[in-house]
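Assemble chain B onto chain A, guided by the hints.
Spelled out, the chains give:
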Amino acid sequence: AQTVTQSQPEMSVQEAETVTLSCTYDTSENNYYLFWYKQPPSRQMILVIRQEAYKQQNATENRFSVNFQKAAKSFSLKISDSQLGDTAMYFCAFCAGNNRKLIWGLGTSLAVNP
Amino acid sequence: ETGVTQTPRHLVMGMTNKKSLKCEQHLGHNAMYWYKQSAKKPLELMFVYNFKEQTENNSVPSRFSPECPNSSHLFLHLHTLQPEDSALYLCASSQSDRIPEAFFGQGTRLTVV
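Protein chains in written order, with the numbering used here: chain A, 1 to 114; chain B, 1 to 113.
Bound-form chain A, shown alone (with noise of 0.2 angstroms):
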């Protein structure tokens, strides 16, 4: 079975501080997506950014940047510079194969403190 782990429930950083969410994935595929999205109070979900399981260059967009480890199953995401904006629910997902359905983690809660 394909599954998604975020182990950390809660996290909380300073404002302008970087802070690195965690994410682990099971699966055999060997072609897939992930992807990090971000829920705020407004509940609407917002995708941060996205990985193609065949490239190798980590991706980033502008302050968020993932550590993807093939080997691993592991796609962590870095915040740089964190602003209060950025607390939110912040959601892992995968998509593999054929199947395109979206596999999603629990969930960390992220606090950005001012």
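Hints in this document: simulated from the structure, not taken from any laboratory.
Please read all numbers here as calculations on a predicted model, not as lab measurements.
One or more hints might be untrue.
Result set (DMTMM-like, lysine to aspartate or glutamate): computed pairs, CA atoms no more than 20 angstroms apart in a straight line [claimed, not checked]:
id, chain 1, residue 1, chain 2, residue 2
1, A, 55, A, 26
2, A, 55, B, 101
3, B, 41, A, 10
4, B, 40, A, 10
5, B, 19, B, 85
6, B, 41, A, 26
Which bits of chain B does chain A cover? Going by a derived footprint, with three or more residues having C-beta under 8 angstroms, they are [unchecked claim]:
id, stretch
7, 16-28
8, 38-45
9, 75-89
Some chain A residues well away from chain B (every beta-carbon gap over 12 angstroms; in silico) [what the hints assert, rightly or not]:
id, residue
10, 3
11, 4
12, 14
13, 19
14, 24
15, 33
16, 57
17, 65
18, 76
19, 78
20, 84
21, 85
22, 87
Idealized CB from N, CA, C, for every residue including glycine.
Frame of chain A, contents of chain B only:
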């Protein structure tokens, strides 16, 4: 205007009521999804529509009835719900059901009393 709009934002209904949730997307996508988000559980995919045809029904009870009249609109008709159906219901869309990158609405917070 957000790409995916859901109405209402909040809904309280009795177990004998009939209500509908509405979702509209302005992104030109061909696939639309209903998800259920409950506390302490991963997001649950309920239904998938691709080009108006239902391509996925994840063993959802028949008291939830989806309708997709066109690629831009998706409804979830609710009847005789149970208190455990209280949750956040999220609508999403993507270019097709073969492309996993989804864009979400803000959800409907449903409370069944």
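Structure-based check of all given hints:
Pair hint residue 55 of chain A plus residue 26 of chain A holds up; C-alpha atoms about 18 angstroms apart against a cutoff of 20 angstroms. Annotation: proposed proximity of residue 55 of chain A to residue 101 of chain B holds, straight-line Cα distance about 17 angstroms (limit 20 angstroms). For the hint linking residue 41 of chain B to residue 10 of chain A, the alpha-carbon distance of about 15 angstroms falls within 20 angstroms, and the restraint holds. Among the hinted pairs, residue 40 of chain B with residue 10 of chain A is consistent with the structure: their alpha-carbon atoms are about 13 angstroms apart, no more than 20 angstroms.
Under the criterion of a C-alpha separation no larger than 20 angstroms, the hint pairing residue 19 of chain B with residue 85 of chain B is consistent with the structure, at around 13 angstroms. Among the hinted pairs, residue 41 of chain B with residue 26 of chain A is consistent with the structure: their alpha-carbon atoms are about 18 angstroms apart, no more than 20 angstroms. Counting residues of the stretch 16-28 of chain B whose CB lies closer than 8 angstroms to any CB of chain A gives 0, which falls below the minimum of 3, so the coverage claim is violated. Here's how the stretch 38-45 of chain B fares: 5 of its residues keep a CB closer than 8 angstroms to some CB of chain A, so the rule of at least three is met and the hint holds.
As drawn, the stretch 75-89 of chain B meets chain A at 1 residues by the rule of a beta-carbon pair under 8 angstroms; below three, the given contact is violated. For residue 3 of chain A, the shortest C-beta to C-beta distance to chain B comes to about 9 angstroms, within the 12 angstroms cut-off, and the non-interface label is violated. Not every C-beta of chain B lies more than 12 angstroms from that of residue 4 of chain A, the closest at about 7 angstroms, which undercuts listing it as non-interface. With a minimum CB-CB distance of about 28 angstroms to chain B, residue 14 of chain A clears the 12 angstroms threshold, and the non-interface call stands.
Every C-beta of chain B lies more than 12 angstroms from that of residue 19 of chain A, the closest at about 22 angstroms, which supports listing it as non-interface. With a minimum CB-CB distance of about 14 angstroms to chain B, residue 24 of chain A clears the 12 angstroms threshold, and the non-interface call stands. Under the 12 angstroms C-beta cut-off, the non-interface status given to residue 33 of chain A relative to chain B is violated; the minimum distance is some 6 angstroms. For residue 57 of chain A, the non-interface assignment is confirmed: its Cβ lies about 18 angstroms from the closest Cβ of chain B, beyond the 12 angstroms cut-off.
With a closest Cβ-Cβ approach of about 18 angstroms to chain B, residue 65 of chain A is found to remain outside the 12 angstroms limit, as its non-interface label requires. For residue 76 of chain A, the shortest C-beta to C-beta distance to chain B comes to about 18 angstroms, beyond the 12 angstroms cut-off, and the non-interface label holds. For residue 78 of chain A, the requirement that its beta carbon stay farther than 12 angstroms from each beta carbon of chain B is met, with the minimum near 21 angstroms. With 12 angstroms as the threshold on Cβ separation, the claim that residue 84 of chain A sits away from chain B holds: the shortest Cβ distance comes to roughly 20 angstroms.
Once the 12 angstroms rule is applied to beta carbons, residue 85 of chain A is consistent with being away from chain B; the minimum gap is 16 angstroms. Distance to chain B confirms residue 87 of chain A as a non-interface residue, since its nearest Cβ pair spans about 17 angstroms, more than 12 angstroms.
In summary, the numbered hints that this structure violates are 7, 9, 10, 11, 15.
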